[in-house]
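Q: Protein chains in written order, with the numbering used here: chain A, 1 to 257; chain B, 1 to 277.
Read the hints as simulated data drawn from the structure, not as lab findings.
Heads up, a few of these hints could be off.
[Claimed, not checked] Pair ranges (Cβ atoms, derived):
| hint | chain 1 | residue 1 | chain 2 | residue 2 | range |
| --- | --- | --- | --- | --- | --- |
| 1 | B | ASN177 | A | LYS231 | 32 to 42 Å |
| 2 | B | GLY263 | A | GLY28 | 19 to 29 Å |
| 3 | B | PHE129 | A | ALA103 | 44 to 54 Å |
| 4 | A | ALA103 | B | ARG272 | 45 to 55 Å |
| 5 | B | ASN177 | A | ASP2 | 53 to 63 Å |
Virtual Cβ for every residue (Gly too), placed ideally from N, Cα, C.
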Amino acid sequence: MDLIASHITHRFGDLAVLDDVSFTVGAGEVVAIVGPSGCGKSTLLQILGGLLQPSSGAPELRGAPPADSLNPLTFVFQDFALLPWATVEENVEFPLLHTQLSAAQRRALVEDALRRTGLTDFRQTYPKQLSGGMRQRVGISRALAVRPAILLMDEPLSALDSQTRELLMEDFIRLLADGGMGAVYVTHNLEEAARLADRIVVLSRRPGRIREVVTVPMARAARGDAAAREKLLALQNQIWSLIRNEAIDAEREVQHA
Amino acid sequence: MLDRAVADTTAKNTKNEPTRRVHFRGAGFVPASSRYGGWIGLGLVIAIWQAAGSAGLVNALFLPTPSAIVRAIYQLAVSGALWQHVSASLLRICVGWLLGTAAGVAVGFAIGLSRLARSVGITFISALFPIPKIALLPLLILWLGIGEEPKIATIALGVFFSTAISVYSGVDAVPRNLIRMAQSFNVPFATIVRKVIWPGALPAILAGFRITASVALLLVVSAEMIGAQYGIGAFVLQAGNLMQTDQLLAGVVILSVFGLAVGKVIGWLEMRLLHWR
Chain A
1 MDLIASHITH
11 RFGDLAVLDD
21 VSFTVGAGEV
31 VAIVGPSGCG
41 KSTLLQILGG
51 LLQPSSGAPE
61 LRGAPPADSL
71 NPLTFVFQDF
81 ALLPWATVEE
91 NVEFPLLHTQ
101 LSAAQRRALV
111 EDALRRTGLT
121 DFRQTYPKQL
131 SGGMRQRVGI
141 SRALAVRPAI
151 LLMDEPLSAL
161 DSQTRELLME
171 DFIRLLADGG
181 MGAVYVTHNL
191 EEAARLADRI
201 VVLSRRPGRI
211 REVVTVPMAR
221 AARGDAAARE
231 KLLALQNQIW
241 SLIRNEAIDA
251 EREVQHA
Chain B
1 MLDRAVADTT
11 AKNTKNEPTR
21 RVHFRGAGFV
31 PASSRYGGWI
41 GLGLVIAIWQ
51 AAGSAGLVNA
61 LFLPTPSAIV
71 RAIYQLAVSG
81 ALWQHVSASL
91 LRICVGWLLG
101 TAAGVAVGFA
111 IGLSRLARSV
121 GITFISALFP
131 IPKIALLPLL
141 ILWLGIGEEP
151 KIATIALGVF
161 FSTAISVYSG
171 VDAVPRNLIR
181 MAQSFNVPFA
191 TIVRKVIWPG
201 ALPAILAGFR
211 ITASVALLLV
221 VSAEMIGAQY
231 GIGAFVLQAG
241 NLMQTDQLLA
251 GVVILSVFGL
261 AVGKVIGWLE
271 MRLLHWR
């Protein structure tokens with residue numbers, strides 16, 4: 001199943017946020033969206049996931065989702081969005097409650113999702129008892145439970161410390177390794193984008209337009225070694241040079257606002 | 001880095017200036033109540049009160065001793081009058097509170113969830129909430145007769161407005177990101193209300209219950225003072241008119257016990273339902 005951003009334009013009142021953004025996320029493909037602060041990255045993701053109505057243009061799907069997918073477009077949120085009154089297990093089960101699945105089928109899906117994210121021993125724990133990294137694992141586990149075709153990730157690591165970010169990045173790489181699941185990964189962190197994405201969509205400052213789409217020229221699995229890291233660093237520098245001046249302007253704009 | 005650390009140590013050792021501790025400035029502003037402190041304080045006040053009364057320092061007509069109040073309560077209990085008054089008040093409080101709460105929760109949720117209900121409901125509530133509900137009792141007697149109904153309706157009205165306000169404030173306070181999360185999983189509206197909004201609003205709703213329980217107590221006493229034969233309010237008024245201050249204070253103590261009991265029940269509910277906080 002492909003996800004297509006088709007001429008998406010969005011305004012909040014008089015404020016133009018996105019201007020004619022079009023691109024396609026192919027089945028199993030990981031596309032990162034980067035750009036200066038306030039360029040509309042998160043807004044674009046919400047539009048793609050159907051949580052926000054664009055002013056014009058539309059998000060579209062092409063092809064059938066995988067047969068076992070219960071929620072083809074599934075978000076992983078920056079602030080985790082966990083129900084504080086529910087245990088880890090209940091949080092992961094939450095999106096399955098309204099489906100036609102039997103209790104046993106739900107339990108199996110929850111079990112599998114908890115196992116894949118290393119949360120099996122924390123099933124009865126409440127979110128407030130978990131670290132930020134573990135909470136995001138619960139968010140990822142909940143997303144995996146519905147067998148998504150495409151994960152929509154809105155800066156999923158930005159609220160975490162650097163060590164936890166590194167560990168979760170390894171988890172993402174592992175989860176996306178088999179190509180069965182695609183992702184749109186919104187981030188301001190170019191290193192994360194370069195390590196995870198097949199392609200990087202670079203947006204201009206507000207109103208966000210596509211400045212460039214950069215293809216990462218190596219397989220994700222091969223990005224760990226030293227030579228690859230050097231190439232990725234060069235790629236990050238290339239993207240940074242594209243957005244640096246605009247990022248400075250955007251920062252000044254925020255300070256003056 | 002290591003060299004610098006060594007240099008710093010050396011500098012400290014070679015200087016003969018005396019050292020002084022940095023003063024701790026972080027004390028206070030963390031009020032923790034001791035478990036028995038309140039009861040000890042209350043016992044102390046009662047003991048002083050009793051001692052002052054027994055020593056003849058206070059006129060018993062104006063302030064009877066605690067033992068006289070206990071005696072009055074005992075006599076009321078033995079004569080059966082206590083239960084007659086307490087049961088009349090309890091019935092009015094329970095029915096009035098339940099009716100007001102049920103209506104308040106329904107209207108509060110409607111205002112919290114529906115644009116139409118919000119635009120209409122908030123205007124009505126803002127206009128009617130400030131009216132002292134006891135002022136409506138004569139009108140309610142005119143409408144509903146002289147029986148239990150106007151008293152119960154007064155309590156229900158008082159409870160209704162506070163409940164509606166606390167419920168829609170609670171619904172408004174449910175983090176929007178949780179609702180967006182549920183929508184992103186195509187969770188139906190009714191499930192979002194049941195599984196996200198209701199538990200999210202529950203802390204505010206229970207806090208509202210604390211207030212409405214006090215409102216119900218206040219209104220039952222006021223209503224009974226205006227037009228009732230039985231009930232704690234009627235009893236207190238009657239005792240006051242006859243200058244039976246020990247009986248009057250016995251009624252006040254019973255009201256205080258009511259309040260304490262309700263507070264305990266709500267505290268227990270909070271512990272059971274909000275254990276995740």
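Q: Evaluate each hint against the coordinates.
A: To see whether the hints hold, each was checked on the structure:
no.: 1; hint: B:ASN177 to A:LYS231: 32 to 42 Å; in the structure: 37 Å, holds
no.: 2; hint: B:GLY263 to A:GLY28: 19 to 29 Å; in the structure: 59 Å, violated
no.: 3; hint: B:PHE129 to A:ALA103: 44 to 54 Å; in the structure: 45 Å, holds
no.: 4; hint: A:ALA103 to B:ARG272: 45 to 55 Å; in the structure: 25 Å, violated
no.: 5; hint: B:ASN177 to A:ASP2: 53 to 63 Å; in the structure: 28 Å, violated
Checked against the numbered hints listed earlier, the structure breaks hints 2, 4 and 5; every other hint is satisfied.
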